[in-house]
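So you can see what is in the structure, the chains are spelled out below.
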Amino acid sequence: MHSKRTAPLEPATSEQGCGGFLQMRMHRREAMRVGFCSALGLSMSDLFRIQAQAALDPASFKEGKARSVIHLHLPGAMAQQESWDPKPEAPSEYRGAFGVAKTVQGDIFSENFARLAKVSDKINVVRSVVGKIPDHSQATYHLFTGYTPTTVIDYPQMGSVVSHLLGQRGELPPYIAIPSLNGFSGGTGYLSSSVGAFQLNADPGAAGEFKVRDMTIPTDVVPAQLERRNHARQIIEGQMRKLDADTDKLDTMDGFYRSAFSLLTSEGARRAFELGEESEATRDLYGRGYKLKQNAPAAVGERLLLARRLVESGVRFVTVNYGSWDSHVDIKGTCNEMMPALDHAIAGLVTDLDQRGLLDSTLVMVTTEFGRTPKVNSSNGRDHWARVYSMLLAGGGLTRGQIYGASDATSSEPARDAVPLEDFLSTVYHQLGIDSTVRLPAFGGTRPIDIVKGGKPVKGLIA
Amino acid sequence: MEEEVKIAKVQRIEGVRGRRLGFLTFWVMLVLAVINFAPTVCPAAALVNGATPEKTDRETPSFRRDVMPVFFRAGCNQGGCHGAARGKDGFMLSLFGYDAPGDYFRLTQEFVGRRVNIAAPEQSLVLLKATGTVPHTGGEVFTVNSPHYQTLLSWIRAGAKDDSASVPEPISIALEPKSIVFDGERKPVSTKVIAKYSDGSERDVTTLALFSSNNPAAAKVDESGAVTPKGRGDTSVFARFNRFTIGAEVIVLPEGKEFVWPNPVPQNAIDQAVYRRLEQLRILPSVACDDATFVRRIFLDLTGSLPTRSEAEGFLADPAPEKRSKLIDQLLSSQGFTDMWTNLWAEWVRIKGGGYAPSATDVKAADAYYEWIREQIASNRPWNEFVADQITASGSNLTHGPSNLFTMLVHDVKVTPKSLASDFSQLFTGVRIQCAECHNHPFDRWTMNDYYGWVSFFTGIRRKQGVEPREFYVFNDLAAPVARHLVDDRPMPATVLGGEHPVPTGGDPRKALADWLTAGENPLFARNFVNRFWAQLMGRGIVEPVDDMRVSNPPTNGPLLDALAKRFVESGFNLRALLKDILESNTYQASAASNPSNAEDTRQFSRAQLRRLRAEVLLDAIVKATDGERGFSYFPKGTSAVQQYPRSPGDTTRLTAGDSFFETFGRTARQSVCACDTKTESTLSQTLHLVAGDTVLNQIRAGRVLERGLGQKVAPEALLEDLFLRTLSRKPTAVENTQLAAIVSSAEGKPELVYQDIFWSLLNSSEFIFNH
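Top line first, the protein sequences correspond to chains S and L.
Read in order, the letters of the first sequence are residues 412 to 874 in this note's numbering.
Read in order, the letters of the second sequence are residues 404 to 1175 in this note's numbering.
These aren't lab readings, by the way, just hints derived from the structure by calculation.
Hints may contain errors.
Claimed, not checked - Cross-link-like lysine to aspartate or glutamate pairs, in silico, EDC-like; alpha carbons within 20 Å at most: (1) L:Lys1082 <-> S:Glu691; (2) S:Lys653 <-> L:Glu1003; (3) S:Lys653 <-> L:Asp693; (4) S:Lys653 <-> L:Asp1004; (5) L:Lys767 <-> L:Glu788; (6) L:Lys1153 <-> S:Asp631; (7) L:Lys821 <-> L:Asp742; (8) S:Lys653 <-> L:Asp1062; (9) S:Lys622 <-> L:Glu1066; (10) S:Lys622 <-> S:Glu685; (11) S:Lys513 <-> S:Asp532; (12) L:Lys564 <-> L:Glu525; (13) S:Lys498 <-> S:Glu824; (14) L:Lys623 <-> S:Asp861; (15) S:Lys622 <-> L:Asp1062; (16) S:Lys622 <-> S:Glu689; (17) S:Lys653 <-> L:Asp694; (18) S:Lys704 <-> S:Glu748; (19) L:Lys633 <-> S:Asp828; (20) L:Lys1134 <-> L:Asp721; (21) S:Lys622 <-> L:Asp1097; (22) L:Lys914 <-> L:Asp792; (23) L:Lys1082 <-> S:Asp659; (24) S:Lys870 <-> S:Asp532; (25) L:Lys767 <-> L:Glu871; (26) S:Lys529 <-> S:Asp861.
As the list claims (entries may be wrong) - Across the chosen pairs, the derived CB separations fall in these ranges: (27) S:Ala707 <-> L:Lys914: 31 to 37 Å; (28) L:Val537 <-> S:Ala826: 16 to 22 Å; (29) L:Pro761 <-> S:Gln516: 37 to 43 Å.
Stated by the list, open to error - Here's a subset of chain S near chain L, in silico, CB distances under 8 Å, partners left out: (30) Asn612; (31) Phe621; (32) Asp625; (33) Pro629; (34) Ala643; (35) Glu648; (36) Lys660.
Using N, Cα and C, we set each Cβ at its ideal position, and we do this for glycine too.
So here's chain S without its partners, still in its complex pose (with noise of 0.2 Å):
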């Protein structure tokens, strides 16, 4: 259906799952494929039914000028001043510790982010975005979901709202968490389980072999086993499916099933993972040899690298934590230890989506969850600050080489363009094709719920 690929991998099955197969060369990973789904007793229409409704269901809707977004959340709330809205004119108690870098367009970046200033003409920086609680947990919460945390409802991640509304494109699932989730997160809410970010809980910058755990057959399992043990699970599901009671359960739990057997079988699914096939010089680019603390790898470039590889595969929604930023006591070291790798990182990425032509379906953003007070405190640290804060957005059919919107001279309130971050999200949803207005039916359709309450697209940063 999407036949534009770029990607120099084994082009993804397709959308429509199994039925991908035909227009592929057979050999026997996907011979056996095949058997799987006919296991499922799930004939072709079906499986077309299916993606249909998946796509179909609760919005019909065009795909957007994103197809993937790669997610950089940096947990513990990075400081504004010290990154991408640095305040040189304000008194030394406000300005922090470093100098500036010149962008491209004459503006400014943190010193920090020397590189990211080199290639400011592909990316937006939103230096005026407005959170609403200066809490860890719950404003993490809000960033994921579009929602401030409540008892009663829980609401999904946006990834997982992608995964629900686009489906899965390719063999490998929708939504991948590198290395996990944050667990201040939130999770899949009132949709689905299956809708859930996969965790590698597995670093692929960590020292040692990248190996995300069970991913591979054990060598003496033969294929034919496979196939069988997946007609064998049919017949036994029959008994609870007689039960007629919580299918989406049972639903969500085959789906797991058709996506391990998918995952384990697929040469493209394994080879997705695979860094080594990356060039020498691409690897360079997205930075090399950072450390943090007690010498362990910063790995911030090997996992963007990754998420490079697993949206090229058709992943439509990538998550990447980097960091540990709540610096509350000497901001200056922690800027020092971990914006090196960062800035080298997030420069590398952008440069090489835009080589390879992806920048333009392949949209970055790169989160905190709220940023840091304007004045520096007593232990030379910053302590939390939802007012305003700074976020970056590239690619994904947004304009390039724009900051947008604008903080008062002490980084306290926005000055202007302010983004709520309800707005910031709306406009990531809008470039996927996804109007956030839209409501999803939850609680067995017995309530819908708008994907993210009040928020409106930034028309100033769609191209």
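Using the hints, position chain L against chain S.
Just chain L now, kept in the frame of chain S:
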């Protein structure tokens, strides 16, 4: 006015430090953040037509009685507006009005003559802002003609005086009617909020209260308190006034559907309470589950373990009509029961054993605690005594098990009274008291007085080095100073939650704490624990989450919770007696199969829910079904997952659950007392692990069930039956037999492989992974 705004801004940026309340640390913000609804822009509180003026019975409005409620109702002092920790746009009010003197100061003294201008009352900034006459981030909050405006104006005209000390305080509020049922008629029903004051007076405060609904899809409530039905279902609507929240139950019945209640015969008081509710909601309960489902379900719930093949077969073959009761009794007195319920308690109190001596959580201490718990559960120690022993425990962590409540809840070198205070309340009462550290709990009855009085129970908890490095003596230093109130720094002697007076001084205040907590009259204790037990057996609490009991999170069936609590108290806090009641009920024994009226029900216990097995239970089930063996680091061979707890040779602070299987399947790492740390959702990683990971295949191989069966030349049907009974506690159906036999007969290669695949499929089936 423009200038005023600027001044205000600069002042705020310069920092609040040094001013009254300026010392609020970022903790304030943390806790403030707990408030759920903090919109970016204050909503303009539209006034109800025909609202009666607040002031009718006196000439001059009182600041506390009349003026502060206006700020509350108009939303001025909520978290997103001036009630934020640092205020908003330079002006701060205490969140929901917890600090009247502070608010008075900021209104009248901080900028004399600006916010409140006695010389020209109409020019008071507070009025100009609230009416939107000058630019206001929150927009127009009320109009010049509104009673709210008039209240403020009259107060300012009269000199904007502070109250003398003797203003009557609200002591309770009531919402009328207490329950609303919409049956057919879809017209709004209005509600009324009456406040009772300390001088005995009553007042209709409907126009000053804030309203909300828990489930607007069922019914909405507007600012005037009018409740409008929206769709089938039930909800609670809440009114808040001053520091009180009160709810009324609302039921919206389906329109035009014929409904005949079939009058099922209740087994006991539990069924009565459940049925009453179901009849009201027009939901039919499911029929009873079959014996095979029952035996598997109850083994998993009570013992965390599958029935063996012979246990399942024995039960299925038993012709006695009372066999379910018999099995209940047998399991309640089993070793497996003690293991499982010890495991649950150990999880709640965060037992982890390490090797880092200074944090007092050595493996030896953990074992001492674990063994002590086992003994109590095994001997069916009355639950009140069981808990009281731990709360009041003093002595060596290595030899006196229960004293480890004060090491395991901490996992640190330092004991923090505030964290003990919040853990104690969450664990033993289900109340999250933390909100009240910085302001009165906005959605519950708890005040800052409650909080600091509660913290004072723990300010003296100390641990003294014992004779060896691992040993610490827990004791309560009675000379330790009590906690001080955040707002006015006054000492707050130890007081129980909701208590009017401090507990008597002299002895260890923990004794008074335990006496109050575990008293039969204290609803907090019994309701908390019966709800937790219920959740273990039914998959969901009557209050959910189980550790967030508050007025604004009411039980889905209040009478049911009360009946269980009553039963627990009357039985002398007898755990097994209470569980037996639940297990004997039709409600527990219902099938998961749905009928048209209850397919969507997940909260009213009209049918059994499919519940993914807890991580440790699932692992044990796989091991047991395969006759396999699975070891755990730092534990002797033969330890089951249910018996295991996190152990390491190092520090216990960040110790994980101790096995990658547990991490994948969501066993808690015991980092907090939050019930949310135990996860039972399904994920793709779990499926991948069961499909390709080392657990299932290794266990099938280790147990050698197939080799033995094939070696003894067991007939194919008998082998299949064996595998089914081991895993699903039932025999295969005729269809399953035929279809699986076909797979066996058509298989090429070693017969062992095809049976291995069938065994694998059984262990990967939903019927195995879920309790049903």
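Verification of the supplied hints:
Under the criterion of a C-alpha separation no larger than 20 Å, the hint pairing lysine 1082 (chain L) with glutamate 691 (chain S) is inconsistent with the structure, at around 41 Å. For the proposed pair lysine 653 (chain S) and glutamate 1003 (chain L), the alpha carbon gap of about 16 Å is at most 20 Å, so the pair holds. As the CA atoms of lysine 653 (chain S) and aspartate 693 (chain L) are separated by approximately 14 Å, the hinted pair is consistent with the 20 Å bound. As the CA atoms of lysine 653 (chain S) and aspartate 1004 (chain L) are separated by approximately 18 Å, the hinted pair is consistent with the 20 Å bound.
Proposed proximity of lysine 767 (chain L) and glutamate 788 (chain L) is contradicted: the alpha carbons are some 24 Å apart, above 20 Å. At most 20 Å may separate the alpha-carbon atoms for a hinted pair to count; lysine 1153 (chain L) and aspartate 631 (chain S) meet this at roughly 13 Å. With a C-alpha separation of about 32 Å, the suggested pairing of lysine 821 (chain L) with aspartate 742 (chain L) is violated against the 20 Å cut-off. Taking the CA atoms of lysine 653 (chain S) and aspartate 1062 (chain L), the gap is about 35 Å. The hint is violated against a cut of 20 Å.
Taken as a hint, the lysine 622 (chain S) and glutamate 1066 (chain L) pair is honoured in the structure, with Cα atoms around 17 Å apart against an allowance of 20 Å. Between the alpha carbons of lysine 622 (chain S) and glutamate 685 (chain S) the distance comes to roughly 9 Å, so the proposed pair stays at or under 20 Å and holds. In summary, the hint linking lysine 513 (chain S) to aspartate 532 (chain S) is supported, as the alpha carbons are separated by about 12 Å, within the 20 Å threshold. About 16 Å separates the Cα atoms of lysine 564 (chain L) and glutamate 525 (chain L), which keeps this hinted pair within 20 Å; it holds.
The straight-line distance between the Cα atoms of lysine 498 (chain S) and glutamate 824 (chain S) is roughly 13 Å, inside the 20 Å bound, and the hint therefore holds. Restraint check for lysine 623 (chain L) and aspartate 861 (chain S): satisfied, since their Cα atoms lie roughly 17 Å apart, inside the 20 Å limit. Restraint check for lysine 622 (chain S) and aspartate 1062 (chain L): satisfied, since their Cα atoms lie roughly 18 Å apart, inside the 20 Å limit. For a cut-off of 20 Å, the pair hint linking lysine 622 (chain S) to glutamate 689 (chain S) stands: about 16 Å separates their Cα positions.
Our distance criterion of 20 Å between C-alpha atoms is met by lysine 653 (chain S) and aspartate 694 (chain L), whose separation comes to about 17 Å. For the suggested pair lysine 704 (chain S) and glutamate 748 (chain S), the alpha carbons sit about 7 Å apart, so the restraint of at most 20 Å is met. Annotation: proposed proximity of lysine 633 (chain L) to aspartate 828 (chain S) is violated, straight-line Cα distance about 38 Å (limit 20 Å). Of the supplied pair hints, the one linking lysine 1134 (chain L) and aspartate 721 (chain L) holds, its CA atoms being roughly 15 Å apart against a limit of 20 Å.
For the hint linking lysine 622 (chain S) to aspartate 1097 (chain L), the alpha-carbon distance of about 15 Å falls within 20 Å, and the restraint holds. The hinted pair formed by lysine 914 (chain L) and aspartate 792 (chain L) meets the criterion: a straight-line CA distance of about 9 Å does not exceed 20 Å. Between lysine 1082 (chain L) and aspartate 659 (chain S) the CA atoms are separated by roughly 18 Å; this keeps the pair inside 20 Å, and the hint holds. Of the pairs offered as hints, the one joining lysine 870 (chain S) and aspartate 532 (chain S) holds, with about 19 Å between alpha carbons and a cut-off of 20 Å not exceeded.
A distance of roughly 12 Å separates the Cα atoms of lysine 767 (chain L) and glutamate 871 (chain L); the hinted pair therefore holds under the 20 Å criterion. At most 20 Å may separate the alpha-carbon atoms for a hinted pair to count; lysine 529 (chain S) and aspartate 861 (chain S) exceed this at roughly 39 Å. Range check, alanine 707 (chain S) to lysine 914 (chain L): Cβ separation about 48 Å, and the 31 to 37 Å hint is violated. Between valine 537 (chain L) and alanine 826 (chain S) the beta carbon distance is about 20 Å. The supplied range of 16 to 22 Å therefore holds.
Between proline 761 (chain L) and glutamine 516 (chain S) the Cβ separation comes to about 55 Å, which falls outside the hinted range of 37 to 43 Å. With a cut of 8 Å, the hint placing asparagine 612 (chain S) at the interface with chain L holds, because the nearest CB-to-CB distance is about 7 Å. The restraint placing phenylalanine 621 (chain S) at the interface with chain L is violated, with a minimum CB-CB distance near 16 Å, outside the 8 Å limit. Below 8 Å, beta-carbon pairs count as interface contacts, and aspartate 625 (chain S) has one with chain L at about 4 Å; its hint therefore holds.
The closest approach between the C-beta of proline 629 (chain S) and any C-beta of chain L is roughly 6 Å, which is under the 8 Å cut-off, so the hint is satisfied. Taken as an interface hint, alanine 643 (chain S) checks out: its beta carbon lies about 4 Å from the nearest beta carbon of chain L, inside 8 Å. Hint on glutamate 648 (chain S) holds. Least Cβ distance to chain L is approximately 6 Å, under the 8 Å limit. Hint status for lysine 660 (chain S): holds, given a least beta-carbon distance of 5 Å to chain L, under 8 Å.
Against the hints set out earlier in the document, violations occur for numbers 1, 5, 7, 8, 19, 26, 27, 29, 31.
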